[in-house]
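Engineer: Quick note, the sequences are listed as chains A and B, same order. Residue numbers are given in the working numbering: position 41 of the first sequence equals residue 41, and the series is strictly consecutive. Residue numbers are given in the working numbering: position 43 of the second sequence equals residue 43, and the series is strictly consecutive.
A couple of the hints might just be wrong.
Where chain A lies over chain B, by a calculated footprint (3+ residues, C-beta under 8 Å) [claimed, not checked]:
| id | segment |
| --- | --- |
| 1 | 18-30 |
| 2 | 37-51 |
| 3 | 74-88 |
Below are the EDC-like pairs computed for lysine to aspartate or glutamate, each with C-alpha atoms no more than 16 Å apart in a straight line [what the hints assert, rightly or not]:
| id | chain 1 | residue 1 | chain 2 | residue 2 |
| --- | --- | --- | --- | --- |
| 4 | A | 237 | B | 36 |
| 5 | A | 380 | B | 36 |
| 6 | A | 101 | B | 33 |
| 7 | A | 376 | B | 64 |
| 8 | A | 68 | B | 64 |
| 9 | A | 237 | B | 64 |
| 10 | A | 237 | B | 52 |
Quick list of the computed label-pair ranges, beta carbon to beta carbon [what the hints assert, rightly or not]:
| id | chain 1 | residue 1 | chain 2 | residue 2 | range |
| --- | --- | --- | --- | --- | --- |
| 11 | A | 303 | B | 24 | 43 to 53 Å |
| 12 | A | 47 | B | 24 | 48 to 58 Å |
| 13 | A | 587 | B | 80 | 48 to 58 Å |
| 14 | B | 24 | A | 448 | 33 to 43 Å |
| 15 | A | 261 | B | 80 | 49 to 59 Å |
| 16 | B | 80 | A | 269 | 29 to 39 Å |
| 17 | A | 259 | B | 22 | 28 to 38 Å |
| 18 | A | 477 | B | 62 | 17 to 27 Å |
| 19 | B | 80 | A | 156 | 40 to 50 Å |
| 20 | B | 62 | A | 476 | 12 to 22 Å |
| 21 | A | 281 | B | 22 | 18 to 28 Å |
Hints were generated in silico from the structure; no laboratory data involved. For every residue, glycine included, the Cβ atom is placed at its ideal position computed from N, Cα and C.
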Amino acid sequence: MDGDLKVALVGNPNSGKSTLFNVLTGLNQKIGNFPGVTVEKKIGFVKLSDQRNAQITDLPGTYSIYPKSRDERIVMDALADKNSPDYPELIIFVADASNLKRNLLLFSQVADLQIPIIIALNMMDLAGQSGIEIAVDELAQKLGVQVIPISARKQQGIDRLKEAILNSTSIPLQLPSIEVEAIAPELIQKIQDELNIEHPYVALQLAHQYENMLFLSAEQKRKIQELNQEFGFHSQKSQASETIARYNFINDVLFDTVKIHSDPKRETHSNRIDKILTHRIFGFIIFFAILFLIFQSIFAWSEYPMSLIEQLFMWLTDMGTQILPPGLLTDLLIDGVLAGLSGVIIFIPQIAILFAFISILEDTGYMSRVTFMMDKIMRKVGLSGKSIVPLIGGFACAVPSIMSARNIESWKDRMITIMVTPLIACSARLPVYTLLISLVVPDEKVWGIINMQGIALMSLYVLSIVSAILVAWVMKLVIRSRERGYFIMELPVYRMPRWNNVLLTMYRSVKAFVFEAGKVIIAVSIILWVLSSFGPSDRFEKIEARYSSEAMKKQYPQDEIDRLQASEKLENSYAGMLGKSIEPAIRPIGFDWKIGIALITSFAAREVFVGTMATIYSVDGDDSHVESVREKMQSARNPDTGLPVFTTAVAFSLMMFYAFAMQCMSTIAVVYRETKSWKWPAIQFVYMTVLAYLASFIVYNLLK
Amino acid sequence: MELIQISFIFDSDLDRDMKLSQFLPGQTGIIKEFTDLEMSVKLMEMGCLPGESIVVERLAPLGDPMAITVSGYQLSLRKKEASTIIMQ
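Chain B on its own, in the form it takes in the complex (with noise of 0.2 Å):
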């Protein structure tokens, strides 16, 4: 079986794409990649993988933490931590 490496972007790259932070609730995108290793193996456990859908269901009441949808479920994010998803 062949092992997959997941890409990471260059700098060059963060002007066209959007973080996962910087969407409103009621957007919805599909994961692209990470920017940081420790954070992005973290988020694929809970099911947050590249081509996989997201949709941003709400913000907490003081704007951050988020809550969004993931393979089926709810799951909440600080901003910080959204800030390491690259969207399509």
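This is chain A alone, in the form it adopts within the complex (with noise of 0.2 Å):
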């Protein structure tokens, strides 16, 4: 469906701007990128009539066309540059009707850049409710703009709505608000007539916000930068009294067209949950427990369908090698495509958990009283309140969790949880654990109950919390960021949780993730695929002349023929040399180039370790395969000394790598995908592997 009229949504955060998307295009949406930034633009679409369609863009929630974060700047750069793919024909304007007030205030800037707006006034239930009054056929004469009301959760007023939609004008009508030429004469006039500009607040704007506008030329730039400074321009004195002007106009606009009938009845209501969800004791205690059983429920839920697509994968592995005939072609099928696609399949139950627990707990309004409760600690350390969400995420998965940092406005808080979420203790990370523990610790009890095994696996997650603070704080120290810090953050009242939203979030994540992230963790499986599976043709002709022969076939069953071939090729396939290269570099942390070679593969996913163990010691893929790849470990020697391999000291080497190292190739995709370049997910590797070479070498060393 091709959209013929270009809408924008603009509106206030929690004005219900994002459920009348939602309402208004169904699942017939996509999302993208603004140029250049890290926010995700989401466009749908809506048949109007038989005829007409149209194309919605939500823009980013915001109290004012003056952006405090680069999310907001996104309102400024679509609707000042008139040639912007994203410059609209038409804004609907989103305006809660129980906070009219502070609504207007952007409703009254946006009207005056000119372009036709409508105003859906959502929550009239709400506003009702409270008592307040809106006289909405006066209002819309006031403001010379169609007035809808409409409840956007309970669909109402949307047919209006679509009619009203249809009825708009291509010509601006909205009534004057405030002089705007009043606020800086001169200047405006003078930037209108330099850069060709129709309306003097765009070009008010562009005296305020020239820096940042991505459509302006240097020389454009430069030009208003001198305009400002010759005409003395003070851009927050200029915004101060422009702020205070359009509230006059408001309060005239709102005198006679809104009555308040307070009702303090319904004020204690969100009170009221309030004293208990933020109380000072139980506030905490009902948080923990709420995290706890989401922490529960990614695990626990994610378990069943989690090991259906397993085992589909399994099954569909297993016809490929059945129907397709044997060959490279096949190979790269079943091995590269297939392995990599379910290793992005195998996370959507998790991310779709994670993202309706999220959800329900953004539409609730639970959200911003966490963000409330914690920011004070999570602000020493450089984080937000709202950077807690991510952080026990991450002890499911960090691929859903850094997806679900983009809750965060700040830039540097955002970007500092990204980069520090991916050091807690994911779930990838404990079939690697609990194979290294049994390998050296000894499953005894102290004391009788406490189990030694337990101990260790819970200091590495305690270990991945510390580590994730103190880096976040180092973090803290070095990216600088323009942006001051705010709090300043509405507190929404309490509601219900909209279903299909929770179920419409699911999905756009879902499908972001496997789209997105998909590619790149395909493209390196197949890398990966090809890497271990080829070598230098001399060498692998070699190997199958040999075990092919009579001898051989005398000396060994068939299977075992097979596994020690394919384990002998994988040593001299181009994995096996890198591995084999890398090792001057990871003999100092303790590792042999087996080890090396599994470095390599398991940067695919951190379990692919276990897996890659198996194929180099040559073990069967059977149930108890854990099982017997912890005793070939334990009973592998070096070759030159005739010691253990797998001693203690190198089993908690290995263990303090994989709590550091970037070992997973979704993540970097992911972080790519939300920081739209390539230098995030470059620093956050440099940094981890740096890092986990530090502890493997002090604890390899100490231990030794």
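Assemble the dimeric complex from its two separately framed chains, guided by the hints.
Structural biologist: What follows is the structure, encoded as structure tokens:
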């Protein structure tokens, strides 16, 4: 479906803008990115009548046209540049009827940009309940625009809104609010003349925001800067007087259009919940209980679908090997593409569950309370109250958690959160840890109850939290940001979650993950497959010749031969050669080339370590496979010294390596997707690898 | 239309007036003026205007930030930010 009318949704956060977007467009939406920024751009399509469709862009929620964060800048970027692909032909301004005064500030600013605009007056039902009476027709008359009362949650008034969109004119009809020229009389005129700008308020905004406007040329920016200096333009003073003038105008408008019969009863409803949920003691208990529930659910509820997905892929692999003719293409399809695909699909249950919870917490208004409660602690280490959710989610999987860091408005806080989340001990580390712990930590109990292996595992989890906090603190000092941190935040009233919104959020995040991160994961899987299944051809030919000899066939059964051959091929593959080539670098931390191969292959995902160990030590892939890998690893001897390979020192060194190293290409892919640059994943990869190496080096040398 | 300049206070005024950050939960007051231009702009956008009345609802469990009711909704802000609001 193609849209013939470009519509933008503009409004305050919590005004129900996104709900309206979902109601209007349903599943008919796609997610892109605004140029140059990390914010995702939601575009949807709606059928207005038999002939006309509209393309609707959901612009980020903001309280004013003066942006406080990078994300909010998008609104101005989209609305100031007539040549921008995002420039709308019509704005639907979503206003919260229960808080009209503050909402109209943004309206009056946007209206002055002289783009046709209509108001969707949302939450009329809530306003009614709290004793607010709005004379809609008078309001429309005073502002000169169509005002349509709706309830996005109850899907009321949507047809009337569609009609209003159809009835909208291509010329802006809004009545003037404040005298814009009076704010900076000559300057505005000059900028209009110099840059050929039609509307004075656009010119004023350019005087304020020219530095960040993507569509201005360097020459134009320099010109505005000169004019600003010439006329002694002071951005903040000008903004302050503009804001006051606008509120004067709004007070005039609202004076005889809105009547408030205050009803203290509803006030206390949200307040009463807050008394418990943000209570000194209960507040934290409830919060940790909720986290515990989420954490448990991510593990427990995803277990069944994940094993189904695993089985499905095993079945597909099985079928593939049986049906397809043996050969390179089949191997590529099965061991490369299919393996990569399963690595993507397997995360879907965890992503869906985590995002369902986050969406519920957001929707009900609880998330802003969590931020409120945790802000003081988190601020000390350079994070924000909102960082707590991604960090906790990191115990399950860094991939959905990094995606959930989108909720953090401050760019710096968000970046630090993204950078430290992969340090949290995720579920993929669990198989690696259990294998290594079972190798070197005795399965004994201290004082009869405390299991030594359990202590070791728990210590690794605690270590992950401590390291995330320390790294965050360091990054707080290192990362520079011109944004001044704010915590002026609305605490929305508690409401029931909107279930279709929850489902849509799940759907959107899964889709984004599969398509965006999935591409990278599959590509790297294929590369890894190539590296580990190919080697210099002469070497491979020799191996094949040796294993197909009659002498071999007499000595060993066929499946034993296959295993030995696979093991030797891996050793001589490019991956094996890489393992050997990095051996000098990893010897100081106690690793040999075989572990080197595992480090390389498990770059795809940490749990691949176990599988690679299994292949290298050529173990059967049966059910007791962890057990037998353990035995093989335990009996592995260094060919030169005759001493065991996996000593306590080596095992703990490996654990440290996996605790810190960025051994997860899904995470790298998702960090790239979320930050839209290779810079951040590169920094993250380097710092984590350096930390891993240092930690392993220290631990290895202490225990050696 | 006449543009109103917001007044910025002199040090001598500080003794008489209370900052919002000094208010305790349950206390009510009316905004008089701001001491920080940058912050005042952000606060006014959120509906904290001179002449508007404020109710301090509660403090976060660790004493900071604070939650206030202003122009019909709840707003949370750090004490540092609240200290730029001078109350009548």
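Engineer: When the structure is checked against the list of hints, which entries are broken? Sort them ascending.
Structural biologist: As far as the earlier hints go, 1, 5, 6, 8, 9, 10, 14 and 15 are violated by this structure, in ascending order.
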